[in-house]
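> Given next are the chains, with one letter for each unit.
There are 4 protein chains.
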Amino acid sequence: MAGNSFGDLFRISTFGESHGKAIGVIIDGCPSLVDIDEEFIQSELDKRRPGQSKITTQRKESDTAQILSGTFEGKSTGTPIAIIIPNEDQRSKDYSHIQDKFRPSHADYTYQVKYGIRDYRGGGRSSARETAARVAAGAVAKLFLKKHGIEIFAHVSGVGTIEAPNLDAKDLAALLETREQNIVRCADPATAAEMETFINQVRKNGDTVGGRISTIIRHVPVGLGEPVFDKLHADLAKAMMSINAVHGFEYGSGFDGSTMLGSEHNDIFVKDGDKISTITNFSGGIQGGISNGMDITFKTAFKPVATIMRDQDTINEEGQETTISGKGRHDPCVVPRAVIIVEAMAALVIADHLLKYKAYSTHAH
Amino acid sequence: MAGNSFGDLFRISTFGESHGKAIGVIIDGCPSLVDIDEEFIQSELDKRRPGQSKITTQRKESDTAQILSGTFEGKSTGTPIAIIIPNEDQRSKDYSHIQDKFRPSHADYTYQVKYGIRDYRGGGRSSARETAARVAAGAVAKLFLKKHGIEIFAHVSGVGTIEAPNLDAKDLAALLETREQNIVRCADPATAAEMETFINQVRKNGDTVGGRISTIIRHVPVGLGEPVFDKLHADLAKAMMSINAVHGFEYGSGFDGSTMLGSEHNDIFVKDGDKISTITNFSGGIQGGISNGMDITFKTAFKPVATIMRDQDTINEEGQETTISGKGRHDPCVVPRAVIIVEAMAALVIADHLLKYKAYSTHAH
Amino acid sequence: MAGNSFGDLFRISTFGESHGKAIGVIIDGCPSLVDIDEEFIQSELDKRRPGQSKITTQRKESDTAQILSGTFEGKSTGTPIAIIIPNEDQRSKDYSHIQDKFRPSHADYTYQVKYGIRDYRGGGRSSARETAARVAAGAVAKLFLKKHGIEIFAHVSGVGTIEAPNLDAKDLAALLETREQNIVRCADPATAAEMETFINQVRKNGDTVGGRISTIIRHVPVGLGEPVFDKLHADLAKAMMSINAVHGFEYGSGFDGSTMLGSEHNDIFVKDGDKISTITNFSGGIQGGISNGMDITFKTAFKPVATIMRDQDTINEEGQETTISGKGRHDPCVVPRAVIIVEAMAALVIADHLLKYKAYSTHAH
Amino acid sequence: MAGNSFGDLFRISTFGESHGKAIGVIIDGCPSLVDIDEEFIQSELDKRRPGQSKITTQRKESDTAQILSGTFEGKSTGTPIAIIIPNEDQRSKDYSHIQDKFRPSHADYTYQVKYGIRDYRGGGRSSARETAARVAAGAVAKLFLKKHGIEIFAHVSGVGTIEAPNLDAKDLAALLETREQNIVRCADPATAAEMETFINQVRKNGDTVGGRISTIIRHVPVGLGEPVFDKLHADLAKAMMSINAVHGFEYGSGFDGSTMLGSEHNDIFVKDGDKISTITNFSGGIQGGISNGMDITFKTAFKPVATIMRDQDTINEEGQETTISGKGRHDPCVVPRAVIIVEAMAALVIADHLLKYKAYSTHAH
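Protein sequence lines correspond, in order, to chains B, L, D and Z. Numbered per our numbering, the first sequence finishes at 365, counting up by one with no gaps. Numbered per our numbering, the second sequence finishes at 730, counting up by one with no gaps. Numbered per our numbering, the third sequence finishes at 1095, counting up by one with no gaps. Numbered per our numbering, the fourth sequence finishes at 1460, counting up by one with no gaps.
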């Protein structure tokens, strides 16, 4: 209820502030006998880690995951898997200038009013540092999904007004490899270069810029998703909107679909060997809230990071007008690191629904 | 878990199929001593009711709500409020032609595979008829929120490629009155006329078209929303995405915000009499997942209705190719009726978070 | 959260007051393709029904269940099953004498303070009439469990200080038949006769008496129950303690076990054909919160019914001392009717855990 | 769902195995601005700690709590409070003799079948070591309840067949002091001495013995508890039954009450200054599932510890008959340490219901 848990059957609870001793997560509901590949978990964290390139914040954190429980001889035991990530480079002094000021478009003001107290250092609990815990948990979810052949791929499809062309998505593993060859994490190399140049320019101006991430989930069985309220795309939407800075979500045809006619938009069923598939996929792999076996596709929009290297007017805790200066470490554009957070949250949603599917589906037994 | 409930503290559970005996809802968690105005509940249902105008389905349903429990002498007692809405004009025979065929972009196929059985009449549980139960529950939520001075207003801001201009939103009650003066439920009369003409043309072509609904929630106290996963906008997103045909959600600056620079996008705090407000509202009234006292604004995109009056190729339950003919009653454009569903779900989200706020907030006590 | 739902995956939500229009239940999470035998559901309700014998309340209610949704051609469809039971013989006038008085050991006082309003007629929501909805839902759970070969048997093992001898429990179906041959629902005919005589005498004195119910659940697979907090016996305890008038719960060796030595109490594992069983069963079929394949056994203690046919001192809503007279219809001893409620709640707990087992267990797939 | 969380609004999630790196807990939903007194938390852990006296296990654990998050300058911030307790004296080798054998009346067999894998060292997750995390969380709950004047007191009221006389419970603080003056934690010194002698004798025989704990909760406002399923005593029952080795729970008159007549058992309301109280308290402070302002009283029965220092027959993982020898460290009687666990779980239940009360109660606002 207090909002720090996600999922029902594959459930995570995260904790930790930007400048506390550690952040971490408990994963409750991971089935037993999943290979818990610690190197893989670490490699996922490395993709989200600050300081990984010149277009990310220069905070130095190794983000080293420590598994405290829930595994035995390399496998999950069915009991809660607790992972902690100690905080290292905290530089709390950097934040003394915002101790009693509300940074624009940050959560300082709302936390202060809601709780009557806040850890102002680095945004405390509202910091995107919390997402490292999600990435660790998402890595475990991916290891579980791997047993079921399910693949998840996300990449940066837009930065500012720059938009990547539609991908040929036949081989997700190849796209992933391409994506990791540039620091923007766009799977189209030409667009990636353009984005990188633009982000660098924004950074030099002490400014920030928003962006978009597109995701494909493949090989999900037909039948995941619980009508009426827990539709698969509704849970994906909540998962994505819970990520810091996300302001929009669409799946399948999305907002563009709302401008179309039904005769254009309907996905016609056809025989596809032993299976049934659809010619088009405006439904984004989900019909009536339930996966139909086609690729699940969705897009997520991120606002520009609120921390900019410029002076801004604002209000302090006493309600007086004041000015806040642009200091500290920040990302000029959050989407290159957010790609891995989007994948993590997608993995958690699919893992949760896969367990519900096992519980309920007549076919699964 | 099986997906037919929504909310934690103000919680609804709906039931019922398109052609069963009745649909309905249990509202669990409505505080005691709320005036349960049955006329208001019915007037809300009337706005969602089929057959209300020439641009909605001609199914004849009075959608008469019966309250079975939870009230005493006109007030809520704190116990579950059960409301049923009997089904009347079922014409189940109309559906014999789709008994064993999967309608394109409907839930027939996914339900059949998931459950191994389905009530094919009118889409069974996947029918948007279920949303009448949400509207009844949403009306109760609105009555609860009214005690706290909270207002909710939605209208049709787009149909196909037609887009309404931004509204002057000073007086929501006046906008509501304007909205109800046209059958499209757009609060801009000129655009409404254009939309109506277009929808009529689409209907005559046996086709359907998508649209968009914009919503404003006003007078929400500072402090609603639970970080990290149950951010206020994340719960709004889930609520909206759970409505039939919704393919997209954005709040505040939304997708457009992802093209902006931080220096353009930040909402600067200013003194506003006794209160603190922001000059712009790209944050859509929510910062760090918590309401900041400004108007909460979001937009929802609906795909075109899948039932069209044309023949379409498809597959039957035996996996054979076949053709499905365009018969039955349908809406050429769902957004005019969906306005009230969007408001209902918004009211349920805010009611739920208001109770959480009372539970947790130091200020609320 | 508001307390009118039970279970996670096989989840029920009940509604209704003693003297409202109807009571009822939504069952959310019953898997599809279960035969929904309406005659069986009704026969279960008939066993709980008031007026069934001279030792139960003489309120006349046919308790006729109406299924409103969730079934198609006699089978569950996986969607919510809504069942309503209209109230018939309400005689609300009988309650005018308690309109503003707090009946001793009833919920009148606590409801009034908690909610600031209450439906005083027949106890409103606090009436045991609510348990009819549980019995209807429990009957559906039993139909689901039947597919898995699981049997549940309860009987009255104690009334006042009268205690039935331990049963030879080889054949639960035979015990059930014996139990139904007397109005006390004790499977030991000699004790049943003694109990009946005693209850009649208590009734003639205008008094009431408490009692105990013993339960056996058989053929539960090894592995149901989720450590640490959702131990199978912990969920059984909550289920039983939620039944009106229950003041105690014990499983396996229970309170007596707490007087024993470990060397006496340990259940030694032995080979039993292909299976593993234990020589004794002080563990009551549950070890570490998880079923071990042996009979699950527990006992439930019911206080005497609070409504007695005698004058009693009390306080009214204005806080003044007053006297309340003994009127109305009541049960001299609640356990004969409660047997079926205990079975229903047990069935709901096992059904819920069976679905969790399917979700999580490596063996189930 | 996977069972490692407890509570809804004041919610804890525990993790950790007996011989892993650490155990711990996340407390989600503790309101902000509670003084988080670390010394108090540690003193509570010290009362549960192994090795504290000659009648407890000699495992050496300092059980030092480390708070990782959720506090700022000594106060709770409203964000999750994570506490870890590193494991120190693990002596995993002590368990090699049970690596593939199922200890009688332990969870070895059920875990192995349920999960297909288990951490056999010290019982892994099924070890009562997990309860240290509950005690840490319970201490935080007590600090929250202290702000509301609520007191909780438990003591050992029975060991084997030895039973303490009823206490004069006017001064709970004084009783607590008396209780802490003996190693059995019985607040009646004479009985405590008798119990200690008996436990020592049992220990010397390599045996174990069960016992009972009685609890009083004082100054709970009228109105806590949510009918119908989440009755206050039903949640207390689940909380207590979830503690390792608990086989029985009763509140108020309990099992004895089931032998009484209604005319004896009814609690008559009387004026008590400004308040309303009852002459007797067979209701145990709870009526209709809701606190009535009187002392909440309940009793919990613990079976004898299953680990005994004797050889026992059993079965191994291959299903073969074998013998298991009595080795390792164990408690001859668990109740002296369990007193603090019972108090912790009681505090968690009351804290959770206090938050629900704030959310729902008309009086609380």
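Among the hints, erroneous ones may be present.
[Unchecked claim] Derived pair list, reagent style DSS-like, types lysine-lysine, alpha-carbon separation capped at 30 Å:
id, chain 1, residue 1, chain 2, residue 2
1, B, LYS47, B, LYS170
2, D, LYS805, B, LYS275
3, L, LYS386, D, LYS805
4, L, LYS692, L, LYS511
5, L, LYS386, D, LYS877
6, Z, LYS1170, B, LYS75
No lab work stands behind these hints: they were computed from the structure.
> Are the hints correct? Go through all of them and say.
So, going through the hints one by one against the coordinates:
1. Straight-line distance between C-alpha atoms of LYS47 (chain B) and LYS170 (chain B) comes to about 24 Å, which keeps the hinted pair within the 30 Å bound.
2. For the suggested pair LYS805 (chain D) and LYS275 (chain B), the alpha carbons sit about 27 Å apart, so the restraint of at most 30 Å is met.
3. Of the pairs offered as hints, the one joining LYS386 (chain L) and LYS805 (chain D) holds, with about 16 Å between alpha carbons and a cut-off of 30 Å not exceeded.
4. At roughly 42 Å between alpha-carbon atoms, LYS692 (chain L) and LYS511 (chain L) are farther apart than 30 Å, so this suggested pair is violated.
5. Taking the CA atoms of LYS386 (chain L) and LYS877 (chain D), the gap is about 27 Å. The hint holds against a cut of 30 Å.
6. The straight-line distance between the Cα atoms of LYS1170 (chain Z) and LYS75 (chain B) is roughly 38 Å, outside the 30 Å bound, and the hint therefore fails.
The structure fails to meet hints 4 and 6 from the earlier list, while all remaining hints are met.
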